[in-house]
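Assemble the complex: chain A is given as a structure, and chain B must be docked to it using the hints.
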Amino acid sequence: MISALAIRRWCWVHKWTSLVCTLFLLMLCLTGLPLIFHEEIEHATSTLEQPEELPAGTPWTSFDRILDTAMAHRPGEVAHLVFSDPHHPHELYVGMGTTPEASMEDDTGVIVDARTTRIHGTKKFGEGGIMDWVLKLHVDMFAGLPGKLFLGVMAALFLLAIVSGVVLYAPFMRERSYGVVRRERGARLRWLDLHNLLGISVAAWVLVVGATGMINTWADLLLKLWQVKELGAMTAAYQGQPYRPPTASLESAIATARVSEPAMKFSFVAFPGTAFSSPHHYTIFMRGDRPLTARLLKPILIDAQTGAFTDSRDMPWYVTALLLSQPLHFGDYGGMPLKIIWALFDVIAIVVLVSGVYLWWKRRKVPVEIDLRQSEPATEFAAVKEGSIA
Amino acid sequence: MSAPASRFRKLWLVPLALAALTAAGLTSALVGDGAWDALSWLALAAPVFAAGSLFARR
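Just so you know, the protein sequences line up as chains A and B, in that order.
FYI, in the working numbering the residues of the first sequence are 210 to 599.
FYI, in the working numbering the residues of the second sequence are 30 to 87.
Note that these hints are calculated values from the structure, not bench results.
All residues carry an ideal CB built from backbone N, CA and C; glycine is no exception.
No incorrect hints appear here.
The following label-pair restraints were derived from C-beta to C-beta distances: (1) B:ALA52 to A:ASP315: 36 to 46 Å; (2) B:PHE84 to A:ARG383: 18 to 28 Å; (3) B:VAL60 to A:ASP523: 19 to 29 Å; (4) A:ARG399 to B:ALA52: 26 to 36 Å; (5) A:GLU249 to B:PHE84: 21 to 31 Å; (6) A:THR502 to B:ALA53: 13 to 23 Å; (7) A:TRP221 to B:ALA46: 26 to 36 Å; (8) B:ALA46 to A:PRO264: 49 to 59 Å; (9) B:ALA32 to A:ALA352: 51 to 61 Å; (10) B:PHE84 to A:ALA311: 46 to 56 Å; (11) B:THR56 to A:GLY266: 29 to 39 Å.
With the rest of the complex left out, here is chain A (with noise of 0.2 Å):
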């Protein structure tokens, strides 16, 4: 049985951790909702062309082909990436930016049909409407790295709050059943018993969504780190080369990559320069086929001159786990029943966020024994007239 002492301090945890982060996690699970949808969002409100139907098995064109399409329609810029996305199969994004350093934040993408090089259209950030807006707020709050390793921090003190919650929802229950609301005791009591058995309910949910989006604010520096440490390590001889722009066929160089990882599929090719490369190489990205590996990435490092194999090592498991919680974060895994769940459960941590700060502020002159004593209208009265500790 946990004392009385303990709970005191349980609660003073989980009064304060709640507090701060609150706002800050009213805003997500806000922007949030929307962003759980944001595909079918974008589609909708899309100018793209849509892709021509053609024959099924109909071939892709050559790389190299594809590349000079997007080179074309975008003079004086150079290649940054190449992706595929399973959800559009037959187009490839082509990111071009001003310089090979430059940031693939402000790349504009020329969608091109992987079939027959017939742009689609072009795509760069704030062009996307509202949508785009709401990502940034949702991500870094307009403030880049520091924006997401505050909201990393606010994700911390959430999951304390969690924690915290879990730990006196039996204290708070007292003898009552799971279920049994107090309805006819005044608004506090009602709204106490709902966000303990609302919070308990969802607990779980919000927990693995709170951990995996603070494992997301570290994006940036856990690529910074395997660029530094394993990017490093595998192009040790090329130490010290100046960056040349690259020459070798795109073509050949993916082709190399899939016989190197036979069982795998091609996800999204780096230009040197960029994050996700050295400044000598192609980085092509293969990825699982099942849903458990689909997003799970082994880079195969090309030299960019000559077109031959350099290296390829598995990821590093910090950057596996960050690739493992964005499914669990997004909630985008399981079709849209699992997507309307996730914007359910999203309210359900809304309602229980609101009734935090409600019960707070009603709480403010009634002191936690109170609520723990279960007691009769009268002696809470006579507690309060003796002015305990709130």
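Chain B in isolation, oriented as in the chain A frame:
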């Protein structure tokens, strides 16, 4: 059954079952498609339904 054990069950049986269903649901859609997805929807619907029914009884 002893009193503390019965009290524990009253308090924790449903929350623990909901947490187990949540964990199973989150995992099963990762493992496979089709039936695995359907299993995930069913398992995850339980905590959502439990939370919703707290309001319905008002």
